[in-house]
Amino acid sequence: MKKLFVAILISVSVMGLALTQMDINAQSGLTGTTVSLSSEFINSSVSIDKERAVELYKAGQALAFKSNGKLYFVMNAAGNLDTKSLIKHAGGDYTIGGSVKSAKGFNYIIANSYN
Amino acid sequence: MKKILLVLLLSGLLFACGGNEDKDTPAEEEVQEQVDNMEEAADKAGEAIEDAAEDVAEEAEETTEKVKEAVTGESTKSTNGGWTGKVVKMTDFLSGNYETLSVARVKELVMAGQYVGFLSNGTFYMVYNAAGNYDWKGLAKVAGEESVTIQGKVSKVNGISIIMATNIAS
Chain A
1 MKKLFVAILI SVSVMGLALT QMDINAQSGL TGTTVSLSSE FINSSVSIDK
51 ERAVELYKAG QALAFKSNGK LYFVMNAAGN LDTKSLIKHA GGDYTIGGSV
101 KSAKGFNYII ANSYN
Chain B
116 MKKILLVLLL SGLLFACGGN EDKDTPAEEE VQEQVDNMEE AADKAGEAIE
166 DAAEDVAEEA EETTEKVKEA VTGESTKSTN GGWTGKVVKM TDFLSGNYET
216 LSVARVKELV MAGQYVGFLS NGTFYMVYNA AGNYDWKGLA KVAGEESVTI
266 QGKVSKVNGI SIIMATNIAS
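Chains as they are written, first to last, in the working numbering: chain A, 1 to 115; chain B, 116 to 285.
It cannot be assumed that every hint is accurate.
What the hints assert, rightly or not - Derived coverage of chain A by chain B (criterion: at least 3 residues anywhere in the stretch with Cβ under 8 Å from a Cβ of chain B; other residues may be distant):
| no. | segment |
| --- | --- |
| 1 | 29-42 |
| 2 | 47-55 |
| 3 | 58-72 |
| 4 | 89-99 |
What the hints assert, rightly or not - Cut-off 25 Å, straight-line C-alpha distance, at most; resulting in silico cross-link-like pairs (DMTMM-like, lysine to aspartate or glutamate):
| no. | chain 1 | residue 1 | chain 2 | residue 2 |
| --- | --- | --- | --- | --- |
| 5 | A | K70 | A | E51 |
| 6 | A | K58 | B | E261 |
| 7 | B | K268 | A | E51 |
| 8 | A | K70 | A | E55 |
| 9 | A | K84 | B | E261 |
| 10 | A | K104 | B | D158 |
| 11 | B | K222 | A | E55 |
| 12 | A | K88 | A | D49 |
| 13 | B | K222 | B | D158 |
| 14 | A | K66 | A | D93 |
| 15 | A | K50 | A | E40 |
| 16 | B | K252 | A | D93 |
| 17 | B | K201 | B | D158 |
| 18 | B | K268 | A | D93 |
| 19 | A | K104 | A | D49 |
| 20 | B | K252 | B | E214 |
| 21 | B | K201 | B | E214 |
| 22 | A | K70 | A | D49 |
| 23 | B | K222 | B | E165 |
| 24 | A | K66 | A | E40 |
| 25 | A | K104 | B | E261 |
| 26 | B | K222 | A | D93 |
| 27 | A | K104 | B | E214 |
| 28 | A | K66 | A | E55 |
| 29 | A | K70 | B | E260 |
| 30 | A | K101 | A | E51 |
| 31 | B | K222 | B | D207 |
| 32 | A | K101 | A | E55 |
| 33 | A | K50 | B | E260 |
| 34 | A | K84 | B | E223 |
| 35 | A | K101 | B | E260 |
| 36 | A | K104 | B | D151 |
| 37 | A | K58 | B | E223 |
| 38 | B | K271 | A | E51 |
| 39 | A | K84 | B | D207 |
| 40 | A | K66 | B | E260 |
Since the hints were made in silico from the structure, they are not lab data. Using N, Cα and C, we set each Cβ at its ideal position, and we do this for glycine too.
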């Protein structure tokens, strides 16, 4: 029974790992908000306004986009993190259009529009 | 297996108790021997129960941790020996083309909203200090070094691997 349980756990872990390593391309819009990564990591998930986003940016603190409870790094077409757009739209919900990917343990969006 | 052992031990204990009834007039030494045997059997049974309980508790803890990680994407473990790797730019980790970094370059990148992290055994970690702030300054100091060791607590939050660093050294 114990061996069966361990075998099931290993199988689930392997399947999960395979899925997280898979690139998921989806042309879609995701609605969410700009968040501070530090706050997310200490579970004090709070939406930040533009002023706070600028303050964090100047201090070199990381920002990300949160949609449906998931954290995304946002990149532009050139492959650089698009932190300035996250700051510009901070303080409320907005929609990012583009390609949503999941690779190497990261969820990220290659953005082509912000609404 | 442990359950079988437990059942055998308990059976032995009952058998030992039953054996006492056959003696009409047991000598004092025999009584003492039987009492000792019973105590020994009881001790063994107690130890087996404790071991089984510890195993179950450990398995439950491991399973809870795995389920928590699967459901929330969160997990935590500490390291004393530290993690060895190097400082890399986050987007380089995704593209696979690594730029050689320096203290000045890391500062330039972070001030432009580009993040650096720590690459160890194929995993990219965002590094935070004890105060909970992104520790790009700590990474900048060792940027460009081929072998960097970071000690601290490793966590996975929402799919992102992070190290709450207590020490960063090259």
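**Prompt:** Can you give the numbers of the hints that this structure goes against, from lowest to highest?
**Reply:** 2, 4, 6, 7, 9, 10, 13, 16, 17, 18, 19, 23, 26, 29, 30, 32, 33, 35, 36, 38, 40
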